[in-house]
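Chemist: Just so you know, the sequences run in chain order A and V. Quick note: the first sequence, position 167, residue 166 per numbering that gives the first Met the number 0, numbers continuous. Quick note: the second sequence, position 148, residue 147 per numbering that gives the first Met the number 0, numbers continuous.
Take the hints with a grain of salt, since some may be wrong.
Within a straight-line C-alpha distance of at most 25 angstroms, the following computed PhoX-like cross-link-like pairs (lysine-lysine) qualify [as the list claims (entries may be wrong)]:
(1) Lys-245/V to Lys-256/V
(2) Lys-22/A to Lys-316/A
(3) Lys-239/V to Lys-22/A
(4) Lys-176/V to Lys-289/A
(5) Lys-141/V to Lys-176/V
(6) Lys-184/A to Lys-109/A
(7) Lys-101/V to Lys-155/V
(8) Lys-141/V to Lys-155/V
(9) Lys-101/V to Lys-151/V
(10) Lys-22/A to Lys-151/V
(11) Lys-101/V to Lys-233/V
(12) Lys-289/A to Lys-155/V
(13) Lys-176/V to Lys-101/V
(14) Lys-176/V to Lys-245/V
(15) Lys-256/V to Lys-22/A
(16) Lys-176/V to Lys-422/A
(17) Lys-101/V to Lys-148/V
(18) Lys-233/V to Lys-289/A
(19) Lys-176/V to Lys-151/V
(20) Lys-233/V to Lys-245/V
(21) Lys-394/A to Lys-422/A
Just so you know, these hints were derived from the structure itself, not from any lab. The structure displayed is predicted, hence computed values, not measured ones.
For reference, the chains in residue letters:
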Amino acid sequence: MTVSDVNVTTPTDQAAQDKKTFKSLLASSEVDTRLGGMVVALLVIWVAFNILSGGNFLTSRNLWNLSVQSASIAIMATGMVLIIVSRNIDLSVGSLLGFLGYVMAVVQTKWIPESLGLGFDQWYTWIVALAVGLLLGAIIGAVQGFVVAYGGVPAFIVTLGGFLVWRGLIFRMGEQGATLSPLDKTFKLIGGGPEGSLGEWRSWVLGLLGCAGVCFSIYRSRARRQRYDLGVRPLGMDIGFAVFGCLVIIAGIALVAIGYESPISGDPTGVAYPVVILIVVTLLMTYVAKRRRFGRYVFAFGGNPEAADLGGINTRKTVMYTFVLMGVLCALSAAVQTARLDAAVTNLGVQNELDVISAAVIGGTSFAGGIGTIPGAVLGAVIMQSLRSGMVLLKIDSPSQDIVVGVVLVTAVAIDSFIRMGKRRSMLAALSVGLVISAIIIQTGRQ
Amino acid sequence: MTDTTTQPSTEVDYSGVPLVEMRDIRVAFGGIHAVDGVSVDLYPGEVVALVGGNGAGKSTLIHTLAGAHPCDSGDIIVNGTPVTIRNPRDARGLGIEVIFQKLALADNIDAAGNVFLGREMRNRFGALDDSAMASATRDVMKRLNPRFKNLKTPVKSLSGGQRQSVAIARAVHFNAKILIMDEPTAALGPAETAQVRDLVTQLKAEGIGIFLISHDIHDVFDLSDRISVMLQGKLVGTVKKNEVTKDEVLAMIIMGKQPGEATSREIAELHG
Ligand SMILES: Nc1ncnc2c1ncn2[C@@H]1O[C@H](COP(=O)(O)OP(=O)(O)O)[C@@H](O)[C@H]1O
Ligand SMILES: [Mg+2]
């Protein structure tokens, strides 16, 4: 080092300094950087499709549809996170969804009205059908989980068996693959659509509740940390986060939910029920994963199964319950999908397992175990659905869509692991390769 | 280093009931008799060093006491009562805490989460009380490793010494009566090793019984009251530290000879 270097702050020093303060600011904000990165990726995808489609992507109508289409996969993806975090996999979710949807349809179109002779469209029909589905989902999940956790059969095998069994059972139940339709009038609302939505004022109530929730949770976490003298973020930063969170919620409701006017009545539609269900599921699952002992044990087991055992955790029970949860979530998604179709069909949920696993993985869940977040998986589902719906807008054929989604999946995981290893160059290389291939496929796949 | 600094250790009272007695413990892995009829005991306020070469069976022996692995036969008696220890929860219920040789930390979870793993603090809604756990962890750490700051990062990103502190905090926080330390200083630098040694002395003074497994003969002589030597799964013998020399213990470890049994020529060979 020469003398002149010592006292002069070169531009690169300055840049390094800025970078450092930015980094420490980021660290003190305790923002999940990979979640932030995903939000940025999603926004980039939205803007790109909006430009390519000549402004047809970022419309209330399209975003509203996108929210409904993402919901069913996203609901299941939140459960898949816990399964993969605990080093397992569930290949049966698509078949299970189909089976549960079919059973719920049978309950409301055959058992209650015909077998029991109670007639159609009773006030309780939807409740009974949904309860049967949820209960059956829990039982089937418990059986699969029991065989995995206590029987020691790899989850891959158990759920591969489930994949075949539940799909097969659909065909056995419905005489030669009959379609069951129409469904109960109230049950149908679960699927969304102009009637299956909150409408204007209820959407605003939901939004205000959301804002209150954001502010309260930020305040509470601050108060607790202050009480235990654990160090808090700068007050301005906390206020900034609260304001930002509320603005996003209000903008989402105003621009998407209210902005989309019902094609039938012309009234603002509001937030669709599947989205309401997704919001509730996301909050509950995040709470379970982060704040309940069960969630802590799932992550501990995924991080180090031996340590979890030595910590006195009942690891088998923990693993079994991840499958129970998955079964219940499959039932919820089954209700959403059948209600949306207003019918149960034999191929309901085909290939959903791939979408659900992809959503969880794009959302940062690692097969090495112990790593993954619920909001990440939801974002992953939205990213996948955005890609699909964007390509539909661009009139790209469905095989090309599959290629792009596949490329994005692999690229996302590659980028993630390169970032974890601290290999910036490889990360950028993966990103550009993925982008170039996707661009070529999209460009050449336009019809 | 000066030779054999005799600790001003308070005399251990051997007249009462031992904290732990392990009698005729046997564990086999396939055909290997990892622990073959070993009996050891431990009194309140006592440090018993468990020594022996690699693969002598020390870890396996204490795993049976920790509930990490069942013994094939033998009796474990805690405070005069025969007990069965089937899993780590049973052991903890008896006031037995363990620092395992392989640290047994969940890498993806933060220090507080690891300290309280399996015994989480919860609020009145049954939810995890992370702030309370972090605060309690910080308080234990003040005593163990005052420079420890990273309460909120996953322990994967911590140094070996800090990870060790987490494992120790986990054993110390819950008011153990019996503490098992399996090579607690193996991964540590000199400063951190000194901290662990201070801690052992301090806990001993509080009346806690400690099984200390160590390869460092100086540690063993500085800290322990008695020394149990294992060789190939069998107990060579248990001796009072004040009644033997280091050479005699080395002869026990390496040749399985009782004190006084080894000839001076053999002892000379030990020193190469
Ligand atoms: N889980 C296991 N499976 C098979 N063999 C084992 C296992 N644990 C220990 N052993 C064997 O038991 C013997 C004693 O090992 P260990 O108790 O770890 O010795 P130490 O702790 O004294 O070094 C060794 O021969 C080791 O290979
Ligand atoms: Mg060992």
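Chemist: State for each hint whether it applies.
Modeler: Now for the hints, and whether the structure bears them out:
1. Lys-245/V to Lys-256/V: Given pair Lys-245/V, Lys-256/V holds - Cα atoms ~13 angstroms apart, limit 25 angstroms.
2. Lys-22/A to Lys-316/A: violated, 41 angstroms
3. Lys-239/V to Lys-22/A: violated, 57 angstroms
4. Lys-176/V to Lys-289/A: violated, 32 angstroms
5. Lys-141/V to Lys-176/V: Holds: Lys-141/V and Lys-176/V sit about 21 angstroms apart, inside 25 angstroms.
6. Lys-184/A to Lys-109/A: holds, 15 angstroms
7. Lys-101/V to Lys-155/V: holds, 14 angstroms
8. Lys-141/V to Lys-155/V: Holds: Lys-141/V and Lys-155/V sit about 21 angstroms apart, inside 25 angstroms.
9. Lys-101/V to Lys-151/V: With a Cα-Cα distance of about 22 angstroms, the restraint between Lys-101/V and Lys-151/V holds, given a limit of 25 angstroms.
10. Lys-22/A to Lys-151/V: holds, 17 angstroms
11. Lys-101/V to Lys-233/V: OK: Lys-101/V and Lys-233/V at ~23 angstroms, within 25 angstroms.
12. Lys-289/A to Lys-155/V: holds, 19 angstroms
13. Lys-176/V to Lys-101/V: Answer holds: Lys-176/V to Lys-101/V is near 22 angstroms, not above 25 angstroms.
14. Lys-176/V to Lys-245/V: Not OK: Lys-176/V and Lys-245/V at ~29 angstroms, beyond 25 angstroms, violated.
15. Lys-256/V to Lys-22/A: violated, 61 angstroms
16. Lys-176/V to Lys-422/A: violated, 48 angstroms
17. Lys-101/V to Lys-148/V: holds, 23 angstroms
18. Lys-233/V to Lys-289/A: Not satisfied, since the Cα-Cα distance of roughly 47 angstroms exceeds 25 angstroms.
19. Lys-176/V to Lys-151/V: Between Lys-176/V and Lys-151/V the Cα gap is close to 29 angstroms, so the pair fails against 25 angstroms, i.e. violated.
20. Lys-233/V to Lys-245/V: Holds, at about 20 angstroms.
21. Lys-394/A to Lys-422/A: Cα-Cα ~37 angstroms, so violated.
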